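Whole structure, please, built from the sequences with the hints as guidance.
These are the residues of each chain, in order.
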Amino acid sequence: MAFDALMLSRLQFAFTIAFHIIFPSFTIGLASFLAVLEASWLFTMREAFKTLYLFWAKVFAISFGMGVVSGVVMSYEFGTNWSVFAKASAPVLGPLLAFEVLTAFFLEASFLGVMLMGWKRVGPGLHFTATCLVAFGTLVSAFWIISANSWMQSPSGFVVGADGKILAARWLAVIFSPTFPERFAHMVLAAYLVTALVVGAASAFMLLKDKAQVESKIALRMAIAMCAIVAPAQLLVGDHAGKDILHRQPTKLAAIEAFWDTKTHQAFHIAAWPDRSIAANRWELSIPSLGSWITAGSADAEVVGLKSFAPKDRPPVFIIFWAFRVMVGLGVAMIGLGLWGAWLWWRGGPERSRLFLRAAVAMGPSGFVAVVAGWTVAEVGRQPWVIWHVMRTANAVSPIGHAEVSASLLAFMTVYAIIFSGGVLYILRLMAMGPAGVDTQLTARERVRAPGSPLAAAPPEP
Amino acid sequence: MTLDLPLIGTVIIAIAVFLYVLLDGFDLGVGILFLFARSPLERDAMMNTIAPYWDGNETWLVLGGGGLFAAFPGAYAVLMPALYLPVMIMLMALILRGVAFEFRLHGRRRGKPLWTFAFFFGSLVATLAQGMALGGFVEGINVVNGAFAGGALDWATPYSLLMAMGLVAGYALLGAGWLMLKTDGGLHRDARRWAMVATIVATAFLAAASLATLLVKPEVDAHWGIEADHVNAPVLAPHLAIPILGAVGLAVVFFGIRRNSHHWPFVGGLVVFLSGYLGLAASFFPDMVPYAITFRQAANAPNALGLVLGGVAVLLPFILGYTAYVYWLFRGKVGADAGYH
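Going line by line, the protein sequences match chains A and B. Per the working numbering, the first sequence runs over residues 1 to 462. Per the working numbering, the second sequence runs over residues 463 to 803.
Hints listed in this document are in silico derivations from the structure and should not be mistaken for laboratory results.
Residues from chain A that keep clear of chain B, each with C-beta distances beyond 10 Å, as calculated: (1) L6; (2) G125; (3) S156; (4) P178; (5) H186; (6) L189; (7) K217; (8) P232; (9) A241; (10) A271; (11) S277; (12) P311; (13) R314; (14) G348.
Taking lysine-lysine pairs in the DSS-like style, the calculated list, with each CA pair at most 27 Å apart, reads: (15) K574/B to K120/A; (16) K243/A to K312/A; (17) K263/A to K307/A; (18) K795/B to K574/B; (19) K307/A to K243/A; (20) K795/B to K120/A.
Here the structure is a predicted model, which means the values were calculated and not measured. Ideal Cβ positions, reconstructed from N, Cα and C, are used throughout, including at glycine.
Written as structure tokens, this is what we have:
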């Protein structure tokens, strides 16, 4: 493996986008959660919802800020590191990414200010509108980004001109490429799961200290409901997406399952050490015939293995195989947690089982891990192509030297380590204080007023 | 009638970048002036004047990058690798200052001073990097067959450094003008003093940078009607409106400060930037990568450009509308004690 500008650019893109996706995964779900909390509060006028809103808005502000600044990087990296790809793909992907900025980024950025700082200046209806617009913006943003990524995975609606350039032929086919619906659903559900797990963990943490804490009891139930519904749904969507990969990206599927030979009755490998250099698994722990059944629906089905493709067309196998297992393993654990919580809820209250509360705390970060693992499967699995069967990653890189990419990669690692530590520290500190603690503290210090309270109608201070 | 899409796209990108320069310019300027604030309380107030806006302001930078990719990939794919290091330095500096808005609120004994410094340092470095990138842009980029063919440090010249320092003074001027507009009392008086100093420094740099540009790049001179052996008066005459506009802007700032106006210094600062921006536009049009690629050569495929511009035509009025609404909503002076949230 040579550390040239190509390899370093790939590492840098992987690092910066993996870092970035952590924050949108959280804030997409959290923005919707905040909209639900504010609606519940306006509808019931229960103080607990307001307290929860103010608390999670603090966490949202930190996460959203980190998502914004790490997202700006992405819109420039296309050009700095992948200028050949940028120039070739712009006739198709350009409008999609421009629409993301125009329809979502501005909406979120503008109304975030109203949502966080507009308490004294707008009425409750308008404030709620701002929250909803931010939540809507996060989903629209996901729509365009997933649309662009899906096109790179399964390009459609384009033609290659006589000069070899890619041109869009049918925009709807570009935007709604064949795998777009399941990928969009998979990502949005993932975001909701991430949020449910974090909200559940923070609430469980408070309840371990004080099992009567009102806000945490409400939030824990909301998180359990979300987890119990979304985690199983995610399994179904993911399975559907997997079935699609079998036909559209057979090399990716073969890497996910570490299938080397094309045959019927493929074994399912629970664990293995796939090695590309020998085109085989060094060892494997397998269940006979189950692989064909899981991937193609029948043990008699012939499933393509990696040896049916030239070595230069095979993706890295080890990382895809294991990333997939991490994602699915955590997904199954999430289903278990959701159902366990729902059962305890039905039996009288999840806060009565300290074991469940501890498990919920432990599962708090699992959503992030699953998201990064899932994206690893999707993106590494697309290799060696940057645009599936249209452009190779090796041909996409900018005419730059390895020295400047090494410098920027090291700098990114340093800067992201600093801001990640800061962000995680401040979010955990907020969570340790809990909804009640944070609210009273901020009410004293920053004089937050609720919409609907008498002071909300007061004119802004001169 | 057929629409000249590349021309319309150029105007829109130019406006987006200009709005970015003005909007993030004043909030980067406030960050630069952080160094000179007297107390943590004064810094809190300074930050509160920009807290509701900075995220929206920075979005224009995303539109500048994303828009250039979508509308003029031929320029985007050359400028970004050519200006790799300044762009990367700018992005990382913007990250540090961007998170500082939130982190500074949550930091305690050690954290708060750390993020205060990060906010100042990030603002300063982002500005310097933008100035260096601008310098590298003006000096020209080595292009072969429509692709960047130069070295990683082509932009690192004394001329770029001059531009970078001038931009720091310019943003500080905008930032000080903004603070005069948004604050009262002691901070307002400090901002007034900063504005005066920044005006003098920015004037000197503006003059120096203009002269240096004419001396360094003969290609630019031709745009202004200045040939090697004579001056082409009919070409030069209309261009003279641009430096006159700049002088008017500086006069507005200067007399605004003298007369203790709260808003004229900021307005004057905007005019100064408009003049500088028009000056650059006049020096390069129709090149989008100076001396190498015109906006027509850089333009995206007609159907893609048409779709982007159609989207812009529908969406930009909304964006401008709610951006204006947010500015209006948070109008008025910011007290030293006004909470961020």
